[in-house]
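K.L.:
Letter by letter, the chains look like this.
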Amino acid sequence: DTGVSQDPRHKITKRGQNVTFRCDPISEHNRLYWYRQTLGQGPEFLTYFQNEAQLEKSRLLSDRFSAERPKGSFSTLEIQRTEQGDSAMYLCASTDRTAGELFFGEGSRLTVL
Amino acid sequence: GQQLNQSPQSMFIQEGEDVSMNCTSSSIFNTWLWYKQDPGEGPVLLIALYKAGELTSNGRLTAQFGITRKDSFLNISASIPSDVGIYFCAGQGTGGFKTIFGAGTRLFVKA
Numbered sequence: 001d002t003g004v005s006q007d008p009r010h011k012i013t014k015r016g017q018n019v020t021f022r023c024d025p026i027s028e029h030n031r032l033y034w035y036r037q038t039l040g041q042g043p044e045f046l047t048y049f050q051n052e053a054q055l056e057k058s059r060l061l062s063d064r065f066s067a068e069r070p071k072g073s074f075s076t077l078e079i080q081r082t083e084q085g086d087s088a089m090y091l092c093a094s095t096d097r098t099a100g101e102l103f104f105g106e107g108s109r110l111t112v113l
Numbered sequence: 001g002q003q004l005n006q007s008p009q010s011m012f013i014q015e016g017e018d019v020s021m022n023c024t025s026s027s028i029f030n031t032w033l034w035y036k037q038d039p040g041e042g043p044v045l046l047i048a049l050y051k052a053g054e055l056t057s058n059g060r061l062t063a064q065f066g067i068t069r070k071d072s073f074l075n076i077s078a079s080i081p082s083d084v085g086i087y088f089c090a091g092q093g094t095g096g097f098k099t100i101f102g103a104g105t106r107l108f109v110k111a
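Residue numbers (our numbering), protein chains in the order written: chain A, 1 to 113; chain B, 1 to 111.
Here chain B stands alone, though its shape is the one from the complex (with noise of 0.2 Å):
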């Protein structure tokens, strides 16, 4: 079936250091989308790309949509305590009814 390569596992970073985290495929998807989960919470939606070389941005998080559809990678900038938790990118075939995770990095941020 399906699967999406998430990398790095984990993170060990200081607090203002830059983050870059990506996802890859055997598979071509139509639209690639990052989720945030806190512990004990369901995930939460940070950037939603739906275009080939997409570039977006929210606050300090920027993710692309890679050329050939089957990467993508998140971008957190500047990073501070908050941004701990566990990021999982998610991809979608046609018609979005089954969104395939990836198994997550966890980023761990020292103040």
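Isolated chain A (complex conformation) (with noise of 0.2 Å):
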């Protein structure tokens, strides 16, 4: 299979404990994003990647939260300190174009007790 692979698929840790997810995107795409989604919402733009460079950052990812894309394929987000609000899915898309379609991973879902 090479479409974004995301690990885990599922995440329960208990309040105050940090999480971390990996996202491993299509072969050659530059492109990297992550998005939060919670129960009967869309996904919401948290950051977004070029190559290691990451470009934008939501104000949804306050300061407990961090991404990184060290060689500019797979990346990882890490979620300090973790609150029941942070409990949600957590979609990685990546993409070789300017515009169009994100393909998203299968997403990491955090419960948070």
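FYI, nobody ran anything at the bench for these hints, they're computed from the structure. There may be inaccurate statements among the hints.
In silico DSS-like pairs for lysine-lysine, Cα to Cα no more than 25 Å straight-line [to be verified]: (1) LYS98/B / LYS57/A; (2) LYS71/A / LYS98/B; (3) LYS51/B / LYS70/B; (4) LYS36/B / LYS98/B; (5) LYS36/B / LYS70/B; (6) LYS57/A / LYS71/A.
So the derived label-pair ranges between C-beta atoms look like this [as the list claims (entries may be wrong)]: (7) ASN5/B / ILE26/A: 30 to 36 Å; (8) GLU15/B / ALA53/A: 44 to 50 Å; (9) GLU17/B / ASN18/A: 44 to 50 Å.
Here are some chain A residues pointing at chain B (derived, C-beta under 7 Å) [what the hints assert, rightly or not]: (10) PRO43; (11) PHE45; (12) TYR48; (13) LEU91; (14) ALA99; (15) GLY100; (16) PHE104; (17) GLU106.
Where a beta carbon is used, it is the ideal one built from N, C-alpha and C, also for glycine.
Build the complex: two chains, separate frames, hints provided.
P.N.:
As structure tokens, then:
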């Protein structure tokens, strides 16, 4: 399978713990996006990388959130000191185009108890 | 910030019926996308629209990019049970780096 891969698919954690999600984009896709989706809502933009450069961050991305894409390939999204409000599906998408389709992974579902 | 208003929120239809849903915005977009999402999965692209007035089909699905560039609609003809899911519209501005999604239309099809 050469689609966007996300790991883990599910994560249950206690409030205050740190969690990290990994995204492996489609090979050679230079653009990578993180979105957050809560129940009953559409995906909300969090951040965007072009190669290894993080070019845009949403105001939704508080200082407890950090994303990296160190070599312009895979990306990680870390949430420190998780809160119950962080419970959501975290979606990663990639593309090699300047406009048009974003290819999404299956998401990482976070539950904060 | 930019927002997309997607309607209806949900639809309950009989198998074989046609479906229409739409998306409007106060902002102009250069690209409109329609995605479908099944439970526990990521969104999958159905149709991409790149030009105002463009009408594009994908099997039983037809979508149009509004002339004002502030709206789009998606039609599904002769619905079948596997059409069940959440349909999202999404708009892209210049450069396409930030894709804005609507809140989705939940489609239920009764066999």
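K.L.:
Next, verify each hint and record whether it holds.
P.N.:
Hints versus structure:
{"no.": "1", "hint": "LYS98/B / LYS57/A", "result": "10 Å, holds"}
{"no.": "2", "hint": "LYS71/A / LYS98/B", "result": "22 Å, holds"}
{"no.": "3", "hint": "LYS51/B / LYS70/B", "result": "12 Å, holds"}
{"no.": "4", "hint": "LYS36/B / LYS98/B", "result": "19 Å, holds"}
{"no.": "5", "hint": "LYS36/B / LYS70/B", "result": "21 Å, holds"}
{"no.": "6", "hint": "LYS57/A / LYS71/A", "result": "19 Å, holds"}
{"no.": "7", "hint": "ASN5/B / ILE26/A: 30 to 36 Å", "result": "31 Å, holds"}
{"no.": "8", "hint": "GLU15/B / ALA53/A: 44 to 50 Å", "result": "49 Å, holds"}
{"no.": "9", "hint": "GLU17/B / ASN18/A: 44 to 50 Å", "result": "49 Å, holds"}
{"no.": "10", "hint": "PRO43", "result": "5 Å, holds"}
{"no.": "11", "hint": "PHE45", "result": "5 Å, holds"}
{"no.": "12", "hint": "TYR48", "result": "5 Å, holds"}
{"no.": "13", "hint": "LEU91", "result": "6 Å, holds"}
{"no.": "14", "hint": "ALA99", "result": "4 Å, holds"}
{"no.": "15", "hint": "GLY100", "result": "5 Å, holds"}
{"no.": "16", "hint": "PHE104", "result": "3 Å, holds"}
{"no.": "17", "hint": "GLU106", "result": "5 Å, holds"}
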